[in-house]
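> Residue numbers (the numbering used here), protein chains in the order written: chain E, 1 to 103; chain F, 1 to 181.
Source of the hints: derived by calculation from the structure; they are not laboratory data.
The C-beta atom is built at its ideal place from N, Cα and C for all residues, glycine as well.
Don't take each hint at face value.
Stretch by stretch, here's where chain F covers chain E in the computed footprint (C-beta under 8 Å, at least three residues) [unchecked claim]:
hint : stretch
1    : 14 to 26
2    : 62 to 69
In silico DSBU-like links for lysine-lysine, alpha-carbon gap of 30 Å or less [claimed, not checked]:
hint : chain 1 : residue 1 : chain 2 : residue 2
3    : F       : Lys61     : E       : Lys81
4    : F       : Lys143    : F       : Lys129
5    : E       : Lys51     : E       : Lys84
6    : F       : Lys143    : E       : Lys84
7    : F       : Lys129    : E       : Lys78
Label pairs and their calculated CB-CB ranges [said to hold, decoys possible]:
hint : chain 1 : residue 1 : chain 2 : residue 2 : range
8    : E       : His25     : F       : Lys129    : 32 to 38 Å
9    : F       : Gly36     : E       : Glu15     : 26 to 32 Å
10   : F       : Gly50     : E       : Glu15     : 28 to 34 Å
11   : F       : Arg103    : E       : Met1      : 26 to 32 Å
12   : E       : Ile35     : F       : Lys61     : 52 to 58 Å
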Amino acid sequence: MLLIHCPYCQEERPETEFRHGGEAHIARPTNIADISDEEFEAYFFIRSNEKGVTFERWRHAHGCGRFFNAARHTVTDKFIKVYKAGEPKPTLAELGLESGESQ
Amino acid sequence: MSEAIRTKPLPATRTGSAAASVTPAPEASRISLRAGEEALAALSSALDLGLPTQPKTSESKNGRMALWLGPDEWLIIDQNGADLMALCATVSAPHSATDVSHRNTAIIISGPGAADAINGGCPLDLSLKSFPVGACTRTLLAKIEIVLYRSSEDTFRVECWRSFAPYALGMLAEGAMDASA
Ligand SMILES: [Zn+2]
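Starting from the given sequences, assemble the full structure and let the hints guide the process.
Pasting the structure below:
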């Protein structure tokens, strides 16, 4: 079983306690009534779907209940870093990766 | 005159094995408590019990327990049936207290094989190092969500929702049989 570190519980917990919450760091436009259909589509439907390092929301649903963010590699399934909701998206350098290494 | 009779969630009989007994817990009152830091001191004093702020920790005093479930969430259990809602109602600082006395029921697992019996359906590390006496957490037992609390080295309390209680009891009884094998 995959173990996922929860930044609120401060320990590794079994993956079955967690729920995936979609791509992280997607900001809702503040002028949502004014944007075009294309802009709304880009915000609402289009996701980066990376092969390599991806940034996702996760929720410790059957634990502390909190949403947090994680940088995960979609090929190896390895969690590179977890961080609390509201903290800035780490750069690849902060994750210890070169830009060419992200895949 | 007919009278309404409350049906208990589980028959009060002991099951399990020689390694781990599995017994429905006596009735208790409970609240689900949500509060921010600014309300903690007043709530602690109203409940006469510290609200723990470290993950997986609890406080316990005179049959009343405060279990940390999340950064702003606790399960308060009073084994003497105290009116916890009335105690919280004396606190004016913003908080949310919900009576869940009858939403939850509890099962006590006790004996040298207690941790093994629970591990039959729960993948948490229940060694004393990782889950010491007083540790508590929300987690999973097979297909259902539970709150697990270790009251002594070989005794655990499993809190589950009332309608899931027969399933929890069955899983734990089976785990207890396996633990003695
Ligand atoms: Zn957690």
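> Take a look at whether the Cβ-Cβ distance between Arg103 (chain F) and Met1 (chain E) falls inside 26 to 32 Å.
Taking Cβ atoms as reference, Arg103 (chain F) and Met1 (chain E) lie about 29 Å apart, which means the hint holds.
> At a Cβ distance under 8 Å, does chain F reach at least three residues of the stretch 14 to 26 of chain E?
holds (count 3)
> Hinted pair, alpha-carbon criterion (30 Å max): Lys143 (chain F), Lys84 (chain E). Please report holds or violated.
Roughly 27 Å between the alpha carbons, so the hint for Lys143 (chain F) and Lys84 (chain E) holds.
> Between the stretch 62 to 69 of chain E and chain F, are there enough contacts, at least three residues with CB-CB distance under 8 Å, for the coverage claim to hold?
holds (count 5)
> Holds or violated: the 52 to 58 Å window for the beta-carbon distance between Ile35 (chain E) and Lys61 (chain F)?
Holds - the Cβ-Cβ distance for Ile35 (chain E) and Lys61 (chain F), about 56 Å, lies within 52 to 58 Å.
> Can you let me know if the beta-carbon spacing of His25 (chain E) and Lys129 (chain F) is within 32 to 38 Å?
Given about 37 Å between the Cβ atoms, the range holds.
> Mind checking the alpha carbons of Lys61 (chain F) and Lys81 (chain E) for me, to see if they're no more than 30 Å apart?
39 Å, violated
> Are the Cα atoms of Lys51 (chain E) and Lys84 (chain E) separated by 30 Å or less?
24 Å, holds
> Using the C-beta atoms of Gly36 (chain F) and Glu15 (chain E), is the stated range 26 to 32 Å upheld?
30 Å, holds
> Does Lys78 (chain E) sit within 30 Å of Lys129 (chain F), going by the straight-line distance between their CA atoms?
At roughly 26 Å apart (the allowed maximum being 30 Å), Lys78 (chain E) and Lys129 (chain F) satisfy the hint.
> Is it true that Gly50 (chain F) and Glu15 (chain E) lie within 28 to 34 Å of each other by Cβ?
This hint holds: roughly 33 Å between Cβ atoms.
> Straight-line Cα separation of Lys143 (chain F) and Lys129 (chain F) no greater than 30 Å?
Given that 30 Å is the threshold and the Cα spacing comes to 26 Å, the pair holds.
The earlier numbered hint that this structure contradicts is number 3, and it is the only one.
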